[in-house]
Amino acid sequence: MIRTYTIVPNDYQIAGSISSEIKKLIKNLEMDSALIKRLSIACYEAEINMIIHSKGGNIYLYVDNEWITLNFNDIGPGIKNISLAMEPGFSTADQVAQSMGFGAGLGLCNIKKNADMFSIQSSPQGTNLKIAFRRKGEST
Amino acid sequence: MIVKELVELTHWKSLNPEAIDNPIKGVISGDLLSYILGHGSSNQIWITMQTHQNVIAIAALKEFACVILIDDNTVDEAVLESAKKNLIPVIISPLSAFETIRSLIQIGL
Chain A
566 MIRTYTIVPN DYQIAGSISS EIKKLIKNLE MDSALIKRLS IACYEAEINM IIHSKGGNIY
626 LYVDNEWITL NFNDIGPGIK NISLAMEPGF STADQVAQSM GFGAGLGLCN IKKNADMFSI
686 QSSPQGTNLK IAFRRKGEST
Chain B
1142 MIVKELVELT HWKSLNPEAI DNPIKGVISG DLLSYILGHG SSNQIWITMQ THQNVIAIAA
1202 LKEFACVILI DDNTVDEAVL ESAKKNLIPV IISPLSAFET IRSLIQIGL
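Chains A and B, in that order, are what the protein sequence lines are.
Going by my numbering, 580 is the number at position 15 of the first sequence; the sequence numbering is gapless.
Going by my numbering, 1163 is the number at position 22 of the second sequence; the sequence numbering is gapless.
Worth flagging that the hints you see were computed from the coordinates, not collected in a lab.
Beta carbons: idealized from backbone N, C-alpha and C, even for Gly.
Any given hint might turn out to be false.
In silico negatives: residues of chain A with every beta carbon more than 12 angstroms from chain B [as the list claims (entries may be wrong)]:
#1 Arg568
#2 Pro574
#3 Leu594
#4 Met596
#5 Tyr609
#6 Gly621
#7 Glu631
#8 Thr634
#9 Ile640
#10 Leu649
#11 Ser664
#12 Gln686
#13 Pro689
#14 Gly691
#15 Asn693
#16 Ala697
DEER-style ranges, computed between Cβ atoms [as the list claims (entries may be wrong)]:
#17 Lys701/A - Asn1214/B: 40 to 48 angstroms
#18 Glu1149/B - Leu649/A: 43 to 51 angstroms
#19 Thr657/A - Glu1146/B: 37 to 45 angstroms
#20 Lys645/A - Lys1154/B: 40 to 48 angstroms
#21 Leu590/A - Ser1182/B: 17 to 25 angstroms
#22 Pro574/A - Gly1249/B: 42 to 50 angstroms
#23 Glu1146/B - Pro574/A: 37 to 45 angstroms
#24 Ile1143/B - Gln663/A: 32 to 40 angstroms
#25 Glu631/A - Glu1149/B: 24 to 32 angstroms
#26 Ser664/A - Gly1167/B: 24 to 32 angstroms
#27 Ser1237/B - Thr571/A: 37 to 45 angstroms
#28 Thr569/A - Thr1215/B: 31 to 39 angstroms
#29 Pro1158/B - Tyr627/A: 38 to 46 angstroms
Excised from the complex, chain B in its bound form:
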């Protein structure tokens, strides 16, 4: 599955739809940045409630497929610019982390 298909299946909002062709190979969820750095793999989806600049920095370093922000959280303009520059799709889920993960399982991830 690619990020574009994920967006189509969930109807969640993509903040930078120009960067949604990344292939998805798994999911990681968490808000502790060192944990994500230590345990994440390339092309994973990262589910988090963190919304600051370093989310994009870490997603780019780890080469994640995309970042999903839970509970309708969003990012400011500067973070979105960084996401566009680093080609990291940012998607907003209206659901909690648990419900977001359940939805991803339901669509086959």
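Chain A on its own, in the form it takes in the complex:
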């Protein structure tokens, strides 16, 4: 199964709707509830990051027999210092995002903590975040 979703920057009104749709799709695959929870948290955080920080991009969902993989590809402006961005509490979110409760500096940490595989590359042309979840071997 392959699905593609488009992210519109700064559109807080529909933020979370893609994660919600992906959660429903994964639930239909009758996955463990613990896996669904981990995937939902990571997916939501990554979706919000794209909305807050990027100029837009796409989310790609791939499902095969072993893995559920999510690719978050945006078109910039990129993360200047990935090591710093991974530190809990570090945030570059603007005041609007922070007033809504975003930008706590926990997003990337939450994503990494909840995924079975995590990789991130970034340049001014865009950021590619790839996370994956093993479909088997987890109890509820």
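Following the hints, put chain B in place on chain A, whose structure we already have.
Same frame as chain A, now just chain B:
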């Protein structure tokens, strides 16, 4: 306890009373969304002052029992529609976060 009993005991206003049969298993309070995502568990009550669309999105993702908005805060029509669609009860407390939590403890939560 279920959400319906919570509403009856506190007399707080439920904005979508058609969705108040969810069982309650604990309480979480906070306005930082990543904290709530990282620490919340299903069937908890979420106490917050945030009132925007993402409150419902997170409550649905985390499968919270309900959302309690403090200090008489409320939500707009679009957020309420989303709450109805996602079966997330939204309750309004006239109290501060501290007093809201104290009231929940007093009714046995």
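Ascending list of hint numbers which this structure does not respect: Failing hints, ascending: 5, 11, 25.
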